[in-house]
Every structure is written in C-alpha cells, then in structure tokens.
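Peer 1: What follows is each chain in one-letter form.
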Amino acid sequence: MATAAHQPLARRIFTPTMIVLAALVAVAAYFVATRFMYGLGAVTNLNQGYPWGMWVVVDIVIGTAFGCGGFAMALLVYIFNRNQYHRLMRPALLGGLFGYTLAGVAVMIDLGRYWQFYNLLLPWYAQPSSVMFEVALCVLAYVIVLWIEFSPAFLERFGLYKVRDFLRRFMFLFIALGVLLPTMHQSSLGSLLLVMGSQLSPLWYTTWLPLMFLVTALAMGYAVVMFEATVVSNTFNLPSEQPILAKLSIMVGWMMAGFLLFRFAELALRGDLVHAFAGDLNALMFWIETALFLLPVAIFLTPGGRESQRLMFLGAVALLVAGSLYRLDAYLVAYTPVQNYTYFPSVPELMVTVGVVALEILLYLLFVKTLPVLHAHEPARTPKAR
Amino acid sequence: MALNRRDFLKCAALGGAAAGTAASTEAAAAFIRPPKEMPPKAVGMLYDSTLCIGCRACVDACKEANDMPVEMPVHLSDWNEGTWDSPEDLSGRTLNVIKAYRHGTMEAKDRETDGYAFVKRHCLHCVDPSCVSVCPVSAMRKDPETGIVTHDPDACIGCRYCVYGCPFGVPQYDLDNPFGKIAKCQFCTHLQEKGQTPACCDVCPTGASLFGLVDDLKEETERRFAMQPGTLYQFPRGNLSEDRPRHEAPVPKYIPAVYGPNEAGGTQVHYLSAVAFEKLGLPKLPKRSFAQVSEGIQHTLYKNLIAPALLLAGLAFFAWRNARKRDQDEA
Ligand code: SF4
Ligand code: SF4
Ligand code: SF4
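Chains as they are written, first to last, in the working numbering: chain V, 1 to 386; chain U, 1001 to 1331.
Please note: incorrect hints may appear among the correct ones.
Stated by the list, open to error - Only pairs whose alpha carbons sit at most 20 Å apart, straight line, appear in this in silico DMTMM-like list of lysine to aspartate or glutamate:
hint: 1; chain 1: U; residue 1: K1194; chain 2: U; residue 2: E1145
hint: 2; chain 1: V; residue 1: K162; chain 2: U; residue 2: D1327
hint: 3; chain 1: U; residue 1: K1325; chain 2: V; residue 2: D165
hint: 4; chain 1: U; residue 1: K1181; chain 2: U; residue 2: D1089
hint: 5; chain 1: U; residue 1: K1194; chain 2: U; residue 2: D1089
hint: 6; chain 1: U; residue 1: K1284; chain 2: V; residue 2: D165
hint: 7; chain 1: U; residue 1: K1041; chain 2: U; residue 2: E1242
As the list claims (entries may be wrong) - Computed far set for chain V versus chain U, every beta-carbon distance over 12 Å:
hint: 8; residue: M18
hint: 9; residue: A23
hint: 10; residue: L209
hint: 11; residue: D280
hint: 12; residue: M351
hint: 13; residue: L365
Simulated from the structure, these hints should not be mistaken for lab results.
Even for Gly, the Cβ is constructed at its ideal location relative to N, Cα and C.
So here's chain V without its partners, still in its complex pose:
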C-alpha cells in the first residue's frame, strides 16, 4: 500500500538552474584545490587571532542547523506521534542528509591535518572531555543514521521492497538515534563556546549555551521544512502544503516566544542586559537578531499571519536568518581575540561556502527528480518544465 506514498518528480534534470549551480560548484572546487596545494592561508583570510572563519561557522555550525529539518520533524512525527506531518518527513530528511554530509566534507577541507582525521576514532587518542570530540563523533554517527533513515527511498527506487520491509522493523532504533544524536551535537555546538569565557561578549556567553543552540537548531529545522515545502510546491506547481504548515508554525511560534523570553530574562537576571545598550557592534547585532526572531513569532502566532502563504514564508526565512545570525555572532562577532586581529572572509573563501550550498541544492534537486522523495500528489495542475 505504502509503495506509492512517495514518487519521483517527473521533470527534466538539466535545467538552467542546475547548470548555474554546477558552475558555482566548479569555482569552489578550484579554490578547494588551491587550499590543498598551498595551505589554508592561500584561500582564506584566517589569521593568528581568528583560527575559525566562514568554513567552520557557516558550512558546519550553520550548515548543520539547516540540516536539522529531519531531526525536528522526526521528533514531531515519530516521537510526539503527530502523524499529519508525516508527508513532510522524507523531503526534510533529504535536506538533512545533504546539510550534514556536506558539513562533513567542509570539515575535511577545513581541518589543518585532515589526513590524520581517523585519530578521532582511535581509543588511545580519544579525549572524551573535549566537546569537539563529542561533536565529531556524533556528527559522524548522525550522517550514517541519516543515510539509513533515507535508504527506503533508494530501496523503493530499485524495487527492493523486501529489504525495505526488513529494515522497517528496526527503523524505530535509527529514528531514536536520529533524534538523540542531533540533540547531543547541536547542543554541544553551544557547549563548544563555554570554554571561551571572557573572550565572548556576555550577550552570547551564558552557561545555557547548549540549550540556546538546541532550541535554535530545532527552530531552524522547522523553518527549513516550511521554506522547502513552500518553494517546492510553488516551483513545481504542486498543491500547497499551507494548511499543515500553518499548524506547524503555531508550535514554532510559541517555542521562539519562549526562547526570546528566556534569553532576555536570563540576561537581566545576571545583570548583563546593559550590554545590549552599549551602542557597539555586539549590541547592534543583538538587536538585529532579536528583531529577526520576533518577526516569525508575530507572524506565526496571529491567524492572519500564518494563513497567508507569503507571510508565513517570510516568517520562515526570517527565522532561518535569525538562527544563522545567532550562530555567526556567537562564534565570530561576540568573540574578541587576545591580540588585535580582525577578520573578514576573502572572496575565494566565500566562494567555497557558496559552492557547498550550491552543491547541496543541486543534489537535492537531483534526488527529488530521480527518487521517490516527495509525497505523491495528483498529477500537477499545469505541468510546466522547470
């Protein structure tokens, strides 16, 4: 019965969009090759004060949050048993699959001694007190889990229904891991900053960093699902998922209202809210973040807002930008190096990041067109090649 629940989109694969994306990937590949031949300094603007730049913060810290759609939806569908959202599950997983797999690729580009990467797996080198150790292992494990969670799409594509049904019996275990592992490493992306202490602005530094990062990861996960569902149904002329997304947005709205309340209350309690009025770059970024977080709350929690497809889409985009900015700020803006160094990414450095994102979109499009990912619909109203 469930065999026809998902189906590939019967669309042309080589479209102008795909070619532009491929070109961006090629440019990035050139700079990645340069990095491997001449070192990180030849491509990036990293310096003695800023060992981490765009590649770590955007490709990995923000990139994996964009990949949290699968995690966020799994929590809702499989753990809280909200079956009505099940149709959004597979595309969300696919986004997660690429978000995480490519973050893994970005790690290999960024690591200064990548050829010793496997040391992470050797017990005599392991250092369990290191948050980085935990993040690395959890992300690695989660990438594997994501591929397993997504594998029914491949198995259906190639008619291996027996294997799929066998796997299905154990799927609950992988689903549980698929919620546990991101809970661990997304919160740990916040814990990574705990050791920074006074090097971070008190507007971001709190002992609650793990919680803040976990909540923003979930929020970005839901936002990415809303974003993707809206874009896909509009681009490919599929029936809108609006009613179900509007429902989802209520929950996200309350979650973010709680987040903002917590953030302000906690800052006020520890007496650091004054830094929000310091009139410096940190304060400015703090208020931009706050405004961007408030916008989706306002939209999602008013009936008129969430029922309008445009407004809800705007809310989802604002939430994605807010969550990304929160991470970028926490890792780079809020941070003051010991000596006087400044950092702004170089163009080649940015092109690599752009290339990674382009590759993500490209693979996503390729997969939805060739594999049963999207929820099966009645034939589209007016077929149009895109």
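Based on the hints, put chain U with the ligands in the right spot on chain V.
Peer 2: The following block gives chain U with the ligands in isolation, referenced to the frame of chain V:
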C-alpha cells in the same frame, strides 16, 4: 483536543522559559568542576618585564633550539630579504616573541605615560589548560609531574580549537603550509630532558627570563617585592638552580601583583612588571579556569553516558510504539 495540545505547547514553551530562568546562573555554578592543583614538581618561568631590554636574543635562541623557520612579514620585505628573522607576533612559525608597549613620546622605560615596556609572549603552561581540555585527540597533554604542556603533531587533526580556546592566544596553526602544524612553546622539553635550561632563559643576558621550579621562583618574586625600589640587587640569570654570575641592577618599582597565579586557574609562567599587565597585552582573566565551567557542564550532561542512554531508550520506545500504532491503523 486541538486546544488542549495548543495549551500544552504554550505552557511548555513559557513554563520552560520561566523555570529555566529561575534556576539560572546560581544553579549553573553547581556544575562547575573543582579546580586543578599545581603539579608536584612544577617547573616554571619568571619573566620580569623591567629587566627585559628587548634584545630578542631569546626569540632567536628559541627558533634555533626548536628548528623553527625564519619569519619575514610581507610589509617588511622592502628591506628584509628573508634572512633576518623578524616576527611580530606568535604564529605557526614563531613560538616566542618580544612585543613592546609604546605610549606618547616613549621617553622612559617601564612607564605608562610617555613610556615603553617589553613583554614576552609564549605558552604560560597553565595549571588547568584550556588547550588540553578542548583537544579532541589528546594532542595537547600536561605532564602530571612537571606540568609542562606538550603538543604531539602526530595526534593533531588540525581543528584549531586550541587556537580558538587558549585564553592567552598562544597555539598557532601554520596557515601558509598545506601540511601545517600547530606551533606552541613546549618549554624546550627536549633540552630539559638533557638537564639543560630552556633556550630563551639560557641566553637571556639580564635574567628577565628565569627558569626554575615554580616554588623557588615564588620565593624569588617575594625577595624582589620585599626590597626597597632603587636598592641594588643581584638578579639571578638563566636557571635558578645553577650558580651563574648575576646581573646587578636597582630594584624597580613593581606594580604589586604577579600575573599568572590568579589567571584562569593559574599558570606556571609568571610575569612581573612596572606597568599594568593589560597595557602589555596580557588579558584580564577571572581566577577560575574556563575549562572548569565547560568540562563541568559537559560532564554533568554526559556523566557515564547515563543521560544519553536513558534518552535513547525513551526515544526508541516512543518511536517503536508509534510505528506499531501507525501500522495497525494502516492495516
Ligand atoms: S597558555 Fe594556552 S597553550 Fe599554553 S597551556 Fe595555557 S591554554 Fe595551553
Ligand atoms: S588543532 Fe590539534 S592540538 Fe589543537 S585542539 Fe585541534 S587536534 Fe588538538
Ligand atoms: S621555553 Fe623554549 S620553546 Fe618556550 S619560549 Fe623558551 S626557548 Fe622557546
């Protein structure tokens, strides 16, 4: 039903926020792990900025003793063809550097206004080092006896978390090398093993960099603080446990504090100065190490993996139950 669920979500979001804030900072303090103790045979260095004449003999000796390449900043390349090592700060190629504080007319040494002063930068061999705490592959290790913090490039994966996390900005990755390494002062372990003095202390002509046991260096500091400024003192040179010819100079007017013992859990390299430490670029840090906070929270969350295991069991149960329900509904 729908209303109930919505109310539940509302309450969960707002209640969680309220409860969380109420339990805020003080509760978090309970997570902090106890401080680390100074190792029994801790070796250390006393750097006295007032004695330093900025000759950079130590920078040169350090390069030679540790086989580090010559460094030539691009903006100096007009007059420097690459033979004269002229590092401006710690980098992937420089483990030790002398920097200057300069103000106004720079008339007098060791004066904050219209004066100048020198400072030496390298690893402080923290008692509770952030670099050791953050390294995922134990490439940074602290010797349990001597307290020396070493780096093993064969273990290192180059994640640069130690560079980001060191509160003194010490470890550096060589960005200009496709096979770059982390560079960091390892207290000339290879010389100490042979019973020799670390190169920078060995060559220092004035005793500004002085090597010894942390306890002995503490006594030396107290002797200097006890003297009247202006009285002549025989400053020991090189290695406190050797009897080298001393350097005679008047005792300066120190600011009455030592930089190191009370910074981020304490360090084994200590600084004396006549100008404020912050002017020298030594960061102002709390007494507690940051590793105490981060490890404390991490260990609380992951103690013996009990919490993750329980969470996994719960998640698996719900996933299993809901999957079964779904199958029944479909059947
Ligand atoms: S100064 Fe930095 S590199 Fe040296 S031991 Fe302390 S944390 Fe590690
Ligand atoms: S760069 Fe190397 S030494 Fe530093 S934390 Fe990473 S693995 Fe450890
Ligand atoms: S102890 Fe050795 S490695 Fe460290 S700064 Fe001195 S000479 Fe350089």
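Peer 1: Sort out whether D165 of chain V lies within 20 Å of K1325 of chain U, counting only the CA atoms.
Peer 2: Distance ~16 Å between K1325 of chain U and D165 of chain V Cα, so the pair holds.
Peer 1: L365 of chain V clear of chain U by more than 12 Å, beta carbon to beta carbon?
Peer 2: Answer for L365 of chain V: holds, closest chain U Cβ roughly 30 Å.
Peer 1: Is K1284 of chain U close enough to D165 of chain V, meaning Cα to Cα at most 20 Å?
Peer 2: violated (61 Å)
Peer 1: Going by Cβ atoms, does L209 of chain V stay more than 12 Å from chain U at every point?
Peer 2: violated (9 Å)
Peer 1: Was A23 of chain V rightly flagged as not at the interface, with every chain U Cβ beyond 12 Å?
Peer 2: A23 of chain V clear of chain U: closest Cβ-Cβ about 26 Å, beyond 12 Å.
Peer 1: Taken at face value, is the distance from the CA of D1089 of chain U to the CA of K1194 of chain U at most 20 Å?
Peer 2: violated (29 Å)
Peer 1: Please check whether the beta-carbon of M18 of chain V is more than 12 Å away from every beta-carbon in chain U.
Peer 2: Nearest chain U Cβ is 32 Å from M18 of chain V, so the label holds.
Peer 1: Would you mind confirming whether the straight-line C-alpha gap from K162 of chain V to D1327 of chain U stays at or under 20 Å?
Peer 2: holds (16 Å)
Peer 1: Quickly compare the C-alpha distance for K1041 of chain U and E1242 of chain U to 20 Å and report which way the hint goes.
Peer 2: OK: K1041 of chain U and E1242 of chain U at ~17 Å, within 20 Å.
Peer 1: Check the hint pairing K1181 of chain U with D1089 of chain U against an upper bound of 20 Å on the C-alpha distance.
Peer 2: holds (17 Å)
Peer 1: Under the criterion that the straight-line Cα-Cα distance not exceed 20 Å, is the pair K1194 of chain U, E1145 of chain U satisfied?
Peer 2: Judged against 20 Å, a Cα distance of about 16 Å means the pair holds.
Peer 1: Just want to verify: M351 of chain V was marked as not at the interface with chain U; is every Cβ pair farther apart than 12 Å?
Peer 2: holds (18 Å)
Of the numbered hints listed earlier, those contradicted by the structure are 5, 6, 10.
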